[in-house]
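Residue-level listing of the chains:
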Amino acid sequence: MSFDWNIVTDLRTMWQYAFMRNAFEAGTVIAIVAGIIGYFVVLRRAAFATHALGHTGFSGAAAAVLFGVNPVYGLLLFTTATGGGIALLGPKADDSDVAIGTVLAFALGMGLLFLSLYTGYATEAYSILFGEILGISASGVVFTYEASVVVLLVIAFIARPLLFASLDEDVAEAKGLPMMALSMAFILVLAVTISIAVQIIGVLLIFALMVTPGATAVRLTKTPLAAVLVSVTVAVFATWAGLFVSWYEPYPVSFFIVSIVFAIYVIVRSVDVLQKSRLLRVPHPSEKEGIGTLQIASSLGVASAVMLSVGVVLLLPSILATGPVIAFTSALLDVGFALAVTGAVVGIAAYLLYFWGFRKVTSVERDLSSPTVLVLLGILGFALAFGGEALLYGGQVSAYGSPAGPAAALAALGGIALVWVGLTLGFLGALGLALGNWRAGQRYQEETIRVGGFLSFLPVLSIAGYVLCCIGYVRTGRKLARGWQAVPVGSRTG
Amino acid sequence: MEPLASSEIIRAEHLEVGFGDKVVWQDANLDVRRGEFVAVIGPNGAGKTTLFRMLLGLHRPRAGTIKVFGSTPRRGNRKIGYVPQRHTVDNDTHVACDVLVRLGYSGTRWGPGIFSRAEREAAAEALQAVGAAEMANKPIGSLSGGEMQRVFLAEALVGNPEMLLLDEPLSNLDLRRSRDLVQLINGLVRSRHVTTLLVAHDINPLIPCLDKVIYIANGKVATGTPGKVLTSESLTALYGVQVEVLRDSRNNIVIVGGEDVGGEDTHGDGET
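For the protein sequence lines, the chains are A and B, in the order given.
Position one of the first sequence corresponds to residue 6 (the working numbering), numbered consecutively onward.
Position one of the second sequence corresponds to residue 14 (the working numbering), numbered consecutively onward.
None of these hints come from the bench; they were simulated from the model.
A virtual CB, placed ideally from N, CA and C, is assigned to each residue, including glycine.
Some hints could be false.
With a Cα cut of at most 25 Å, we get these calculated SDA-like pairs of lysine to any residue [as the list claims (entries may be wrong)]:
#1 B:K92 - A:K484
#2 B:K92 - A:P183
#3 B:K92 - A:G181
#4 A:K281 - B:S157
#5 B:K92 - A:M184
#6 B:K80 - A:D175
#7 B:K80 - A:K281
#8 B:K92 - B:L197
#9 A:K484 - B:A146
#10 A:K484 - B:G154
#11 A:K281 - B:G158
#12 B:K35 - A:K484
#13 A:K281 - B:S155
#14 B:K92 - A:K281
#15 A:K281 - B:G154
#16 B:K233 - A:K484
Label pairs and their computed distance ranges (CB to CB) [said to hold, decoys possible]:
#17 A:G181 - B:D261: 40 to 46 Å
#18 A:F24 - B:I127: 34 to 40 Å
#19 B:A76 - A:E151: 52 to 58 Å
#20 B:Q196 - A:R483: 40 to 46 Å
#21 A:A186 - B:R24: 28 to 34 Å
#22 A:L337 - B:G126: 44 to 50 Å
#23 B:R189 - A:V465: 54 to 60 Å
#24 B:P221 - A:L466: 58 to 64 Å
Pulled out of the complex, with its shape left as it was, chain A reads as follows (with noise of 0.2 Å):
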């Protein structure tokens, strides 16, 4: 399969295939499913109970293996055994490294054990600890689903008791709580996703879809509810990506999903230090200039959201008919595609001037400022993925007109590598982009702007995301110049 520039037509190509389409879905399932527990997994600093029930999952997919089951519910009894074990130990056991420490030793023995009294192949057990998602079978996506729903009912019914107890143990322990009860029923729920998580990502990297998205959510977000929608956007993006990437590279998918979830942690620590940086000084901090700044900004928005959707709308047909490659026979697909182009490029644009914007309120409210940071390496990361684009279409074009030499291959797996490095930064600037106008709306009091910025990082709905923020910035425009006060979210003076 070689790659098209066109992303759209990448996906009808793959979803021709079932295993591929079982691997989307169980892939996003369980990508939402890790990212919501990963956020209590990290808040509760479970990472080690995580680690080790994966450990014990692999004794039990080793065992069912030998007799003959299908190694998902060897991995269901083992986890959740040893998860209730956990819990039974004492609230506070899902930390206590020593014990889960010792039995995991133990378990990854009786793995050993089972593995040596197995006859069959070894690829089983390589499966289990690096995870097969394209084997996956289609009664496995439906177990997958199952499995996820009771996890998703049980983590709704005890999320605000759960938050409670993982933030402040003595408090709620006595405000009549029951901390056992709750204890036992997370690791139970953790011991189920690990379970189908497992099939993914496998046991040695369970972290990767388990714990780095919720750290990485932690670092960004202040609010629960913000947090886990982060943590769930990075889950997923990591496993199409990943799936996306290993259709057109022989390696494992679950490399790419944990380097992909790797690189995301990392730029985002990074914002850190970016944030302490001149990058974000402002010699003459001009609240009212910032907000002018980002009147433009969401203006461009909606001009970049709306050529962009009229392109695609014009390209469907190309991209509805089959085969990898596009010609341009109609001055319609003419028209979409330098349409859908133009949009990308004010896209860019508007990008830059919601960094300006938000970097001139930075100076007044530092809450903006890791959105600043990202929304710039967003910036960085759509030049390159037009870098790469442009890679991949020149040597596709010059393949078509000339035999394809080593220099149109390396153009291409380079084009290949630009457009993914990119699309991981663009992701992480649309995130940006999002939180920042979510802490804008916070600070200038105006939900239009808070909606707006959730709304823009959606696809279909971007439109109506910009045109909000647009709104809700000449409101704000209009308070500021009455003389209003913003209220301060967060200037971190401690």
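Given the coordinates of chain A, assemble chain B onto it according to the supplied hints.
Coordinates of chain B only, in the frame set by chain A:
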């Protein structure tokens, strides 16, 4: 100082507390009335926190009777707001303060749903009451010790409890900040008539505001007004060894002889 209303909040008779075979303290008689500001002082390990855990219904007495609001203490009493000793909140906790305060209000509610307007308003009111309104959106981990104690106080205060149990809110605060916090708490006690028990190591910042002192040391509990309890005569009589209560020119108290009574209990360290 006269209590504002004379209704009884805590009454304990011949109370005995212990873990397993070990008796922590015994034969304690307590009487706390509505709107009183009470300091609980004594050396480490004397059983001050245990007293709180008993009032919260988390620990049962070995002997004697205790009534809180006229009935046996039970867990989850909404009339009690509690700030435990030294919360372990590290600076990695990126959760906004008002989330914590809202949880203090409705954290025990089961089922789905995000925070309602009533909850947000209750949280804002509580933060306002402790002078921490501007910290609402700051991550808990980014706060200083004094700011953190204010937020914890708001978390305890949010359901409009009738009694506050504050376990060492003044530890790790410098002199000025601890006096500020005492003033704030005293203001709450007086304006809301909320009965408050406060565990402290150093009684001196509290003396001007206190109605009562509960002094726990060496397995015994003395209770009464500061002027009555914190005298050489009463403490000597209680412990059966010579205890001196000294006062400096600013009326700061130093208790000497506390080493014999129960460990490193010389109050007034750091006072000048």
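Quiz prompt | Proposed proximity, S155 (chain B) with K281 (chain A) (alpha carbon, max 25 Å) | solution = The hint holds at about 16 Å.
* Asked: Does K92 (chain B) pair with K281 (chain A) here, judged by a C-alpha cut-off of 25 Å?
  -> violated, 45 Å
For a C-alpha distance cap of 25 Å, please report whether K92 (chain B) and P183 (chain A) respect it. Within the cut-off at roughly 19 Å; holds.
Note to self: What's the verdict on K233 (chain B) and K484 (chain A), does the C-alpha distance respect the 25 Å limit or exceed it?
What the structure shows: violated, 64 Å
Hey, K281 (chain A) versus S157 (chain B), does the alpha-carbon distance stay inside 25 Å? OK: K281 (chain A) and S157 (chain B) at ~20 Å, within 25 Å.
- [ ] Please test the hint of 34 to 40 Å on the beta carbon pair from F24 (chain A) and I127 (chain B).
- [x] holds, 38 Å
Within a Cα-Cα threshold of 25 Å, do K484 (chain A) and A146 (chain B) meet the stated pairing?
Within the cut-off at roughly 22 Å; holds.
Taken at face value, is the distance from the CA of K484 (chain A) to the CA of K35 (chain B) at most 25 Å? Between K35 (chain B) and K484 (chain A) the Cα gap is close to 67 Å, so the pair fails against 25 Å, i.e. violated.
P221 (chain B) versus L466 (chain A) beta-carbon gap, inside 58 to 64 Å or not
holds, 60 Å
Below or equal to 25 Å on CA atoms is what counts here, so check K80 (chain B) against K281 (chain A).
violated, 55 Å
query = Given the hinted pair K92 (chain B) and K484 (chain A), is their alpha-carbon gap at most 25 Å?
reply = violated, 43 Å
Report task. Could you grab the alpha-carbon distance between K92 (chain B) and L197 (chain B) and see if it respects the 25 Å cut-off? Result -> Given that 25 Å is the threshold and the Cα spacing comes to 20 Å, the pair holds.
Hints 1, 7, 10, 12, 14 and 16 from the list above are not met by this structure, while the remaining hints are.
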